[in-house]
Every structure is written in C-alpha cells, then in structure tokens.
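There are 2 protein chains.
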Amino acid sequence: MITSTGNKRVKELAQLVKKAKERRNQGVFVVEGKKMYDEAPKDRVREVYVSESFLTEPENQKLVDASDYEVLADHVFSSVSDTVTPQGILSVIEMPHYEKEQFFSKENGMYLVLESIQDPGNLGTMFRTAEGAGISGIIMNKETVDVFNPKTIRSTMGSIYRVPFLITENLAQMLIDMKKKNIKSYAAHLKGEKAYDAFDYKKSCAFLIGNEGNGLSEALAELADTYIRIPMEGQVESLNAAMASGILMYEAQRQRRRND
Amino acid sequence: MITSTGNKRVKELAQLVKKAKERRNQGVFVVEGKKMYDEAPKDRVREVYVSESFLTEPENQKLVDASDYEVLADHVFSSVSDTVTPQGILSVIEMPHYEKEQFFSKENGMYLVLESIQDPGNLGTMFRTAEGAGISGIIMNKETVDVFNPKTIRSTMGSIYRVPFLITENLAQMLIDMKKKNIKSYAAHLKGEKAYDAFDYKKSCAFLIGNEGNGLSEALAELADTYIRIPMEGQVESLNAAMASGILMYEAQRQRRRND
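Line order of the protein sequences matches chains A and B. Our numbering numbers the first residue of the first sequence as 1125 and each following residue consecutively. Our numbering numbers the first residue of the second sequence as 1125 and each following residue consecutively.
Worth flagging that the hints you see were computed from the coordinates, not collected in a lab. Note that the structure is predicted; figures quoted are calculated from it, not measured. Hints may be right or wrong, so weigh each one.
A pair counts as met if it fits within one copy or between any two copies, since identical chains are not told apart.
[Claimed, not checked] Here are the simulated SDA-like pairs of lysine to any residue, each with C-alpha atoms no more than 25 Å apart in a straight line: (1) Lys1158 / Met1356; (2) Lys1275 / Thr1209; (3) Lys1275 / Gly1358; (4) Lys1186 / Tyr1222; (5) Lys1275 / Asp1162; (6) Lys1224 / Gln1359; (7) Lys1142 / Lys1275; (8) Lys1230 / Arg1148.
Could you put the whole structure together from the sequences, leaning on the hints where they help?
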C-alpha cells in the first residue's frame, strides 16, 4: 500500500489527472468510479488504483480481482481524486485512436462537428447524448476543451469509450472532405430560415455546433450546406450548446426510427 | 464607495449570495452581470451594486444611470461575487410569486414537473430550454435544488424572470389537481413501452422528470397518465435530466408548430 502523497507513482498519477499535456505525452487518461472501471475496454486498462477503504467491501474486492491494482491509503487517494466524494477507484486508460477511413465508412452515418466548445460538462453531455441518439462519430477542432478532462469524462457516463471521435487541426478541411463523401452538413445558425425539423436527416448528415459564447465562426458556417433554426419562444436568444446538439440529433433519430 | 468587506451591507449581500435560507427570509435573490440586470423587471429591483472599475466604462455608467446604485471597491465586489471573473454588477431582486389559478389557466398549456433535481446547472438549463420550447410553467418539489442558487440563476440566462414556476411541498397532490384540470402527464420511465414521439402533446400536457441519480419516485410515477420512453442506442442507460426534458419539450413544440 502507498501511504505517502510524495510517492513517485502517486505524483505521476496526480499529473495525469490535472494536466492535458501529460495525458497527451503518455497517451493515457484517468477515469474515476466503478462504472468507468467496469465499462473500460479491458485491453486498454493500464493501471488501477483503489483506496484502502474501497477494498473493505467484498463486492468491490470482487470487482477488481481480475486486475493488477495498487492500494492507496485513503488520504493519498483523496489527494489524487478529482471528485469531492471519491468512490475509491481510479483507472489509467490508453487513449483510443480512430482511423479516418473507418470513421466515415458507415452508411447513412450521423456526425456531430464541434467548434471550440469550452465547457467540459457540455462536451461530456454531448458524448452521452450522441451515443443515445445513435451517432457515428464526433469531430472536434483542437480548440475544443480536452475530451480527456476528468469533468468531461465524468459527464460522458462511459460514452467516451464507445463514441468514435476525431480531433483535427483543420476543421474546415475536414468539412470539405466530408462534403466529398456526400455527408450533408447542417449548421444551427441565426441565418437559418427554416426550422430544423423541416429537413430530412435519414441520409448521411452532420450537425455543426459552435462555441457556447460566440456560436460558429463565419469561416466554418460558410462551409455548411444548410442553415437551420431551432425555434425559440419568449426572449431566449440561444439554447445551451449541448441542448441544441441533443435536440438536433434526436430529431434525426426520430426520423430514422419512424422513417417518416 | 464601500471599501471594506466588513461593511454591514456587504456582509448581508454576501449572505444572500451564499444562503438559500437568507434569500427565503428576505424574499429576494441576487443576480450577476449586465444581462441579468438589464432584463430584470424594473419594479422588482431592490438594490444594485457595481464595482469601481465597472463604472470606468461610459457604456456601463449609462446602463445603471437610471438606478440607485452603490459602488464597491473592486476587492470588496470580488469578495461577494459568485463568479470567477465578475462582470462588476450585482442586483438584488424580489422573488416572484405566481398564483396557482393563473398558473394553470392557459389553454393547451405545457408544463414541466420536477422531482428532486439536484444539480443547479441542470435546473437552470431546464428553465432556459423550457422558455425556448414555449412552456407555460415549471412545478418543483421542495427537495429540488434552490431555484435562486446563483449557479441556477446563471444557467437560466434570464429565463428565471419569465418562466412561471411553483414550488410545492406535495408534488403528488399537485399532480392530482392537474389531472382534474385535464392536463395529461407523461413520465419518462423505464416501464415506458412506446417512444415519446408516439404521443400527441398538442393538448394540455405535463412532462415528469425525476432526480438525476434515481429517476422518478414510484409514488410519483404511479400518478402519471402515461409512461414514455426516450429510445437510447449503444449502452446508454439514461440521458442527462435536463437533456431529457429538452428533448420532450421540443417534441411537443414541434408537434404544436407543425400541427401534425
């Protein structure tokens, strides 16, 4: 058992929790909690850390029996954890890598294109909702908040393991490439004249969602095939970015389910 | 100008920002930022506080010219503010009160019924989305997180001023009363067999949304007229509570707009 926060492995683990750069350098990220441990692809689990008191529950002991794990004294575990009330299990997971060709290979795929989303909770909620709606993949620019941020990971509720994603330095070029693959792109935009539900999303489609404060950049919006509008009553000027993406993806799901 | 954090008014203001009980006792709440000041119903603004540097912008000076305001030294303002980068304007607003009779008087109203929502950001997002979808009102039980919590207020983006709401000690009784008014209630529930979009929401309706972790209590779910299901692909077990409410309310809006 590791009993000191000065321990080398503990220090390295804390760096991985806190710093996107460390995560990128090592190609790993850290997840917290039983559900995130349980749902992790087993071949991508590099390390498992549990707190001393975690192991006192027989059910917990059973959960980690098949893994090599390291025990941390409770105060050491708390010092590393990103949550207020830690569940007592932390796992270091290898980052996934998705190939562009396979990413876009799905017939009648549905994609989410994110430009500079800043809120980790929003990004995580988008992953969770996207999986539920049946997304084929999420494309983000480099300016989007780190998908491996502990808060993002937590908000995905495990979808981070299952929703394919690409991070690109050139989102505009990606949109041009997608156009060549006959993926129609729809941008929620003030210039949109027709409501979002006036369009057919049963063929390959992509929804473009911009930054929480500023919306889509002009450069990116100009590349969209169609501007759409989410009708808003009252004095609402915009919806939360995750909410807007969810309403669009679920409209696509609705059409695909009902085929109407 | 107030230059000390020990000032009596500053101390009282800080209590209002931090404590739900103080807010309830005084019947007021605190909003931050220019937009929240600007959109506040003028007859409900009790006090306005600005930071010293806020007033150095002529545009800001003009904004508050019509109000009686108190200037706080920047460090005093920061000590009270709930945000990391304060905009420099705080307003104390009288709580609104909605009469039950008027609340339910709208023909073909649409309502959101919330049981024990715990996340302030979720609750605020629900208000914002609800206004956009054209809600008639939101009903919450007392166990729902304080709607006047600064984080909730911020997430509403001003909808707190415009969406009527009721807070009740007896949500079950409220549902029974609503039933008598011919408001059909729909609960997103695992027992739901049909997808949410298989129902007609053009007449008076209410969507029941439960606590983030536990969903709706059995007692409340049993009072619902209909169980509905939000179809989820992949391994998603549930959607974020705010997201679920948004998808349902926007489906109702879609039907009402298109009349299909």
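Evaluated hints:
1. Taking identical chains as interchangeable, the C-alpha atoms of Lys1158 and Met1356 lie at most 25 Å apart only when they sit on different chains, with a minimum of 22 Å there against 40 Å within one chain.
2. With identical chains, the CA atoms of Lys1275 and Thr1209 are at most 25 Å apart both within one copy (14 Å) and between copies (20 Å).
3. Taking the shortest alpha-carbon separations for Lys1275 and Gly1358, only the inter-copy value of 21 Å comes in at or below 25 Å, while the best intra-copy value is 32 Å.
4. When the C-alpha separation of Lys1186 and Tyr1222 is checked against a cutoff of 25 Å, the pair qualifies neither within a copy, at 32 Å, nor between copies, at 53 Å.
5. Proximity of Lys1275 and Asp1162 under a CA criterion of 25 Å is satisfied intra-copy only: 18 Å inside one chain copy versus 32 Å between copies.
6. With identical chains, the CA atoms of Lys1224 and Gln1359 are at most 25 Å apart between copies only, with a shortest distance of 23 Å across copies and 41 Å within one.
7. Taking identical chains as interchangeable, the C-alpha atoms of Lys1142 and Lys1275 lie at most 25 Å apart whether they share a chain (11 Å) or sit on different chains (24 Å).
8. In this assembly of identical chains, the alpha carbons of Lys1230 and Arg1148 never lie at most 25 Å apart, being 28 Å within a copy and 55 Å across copies at closest.
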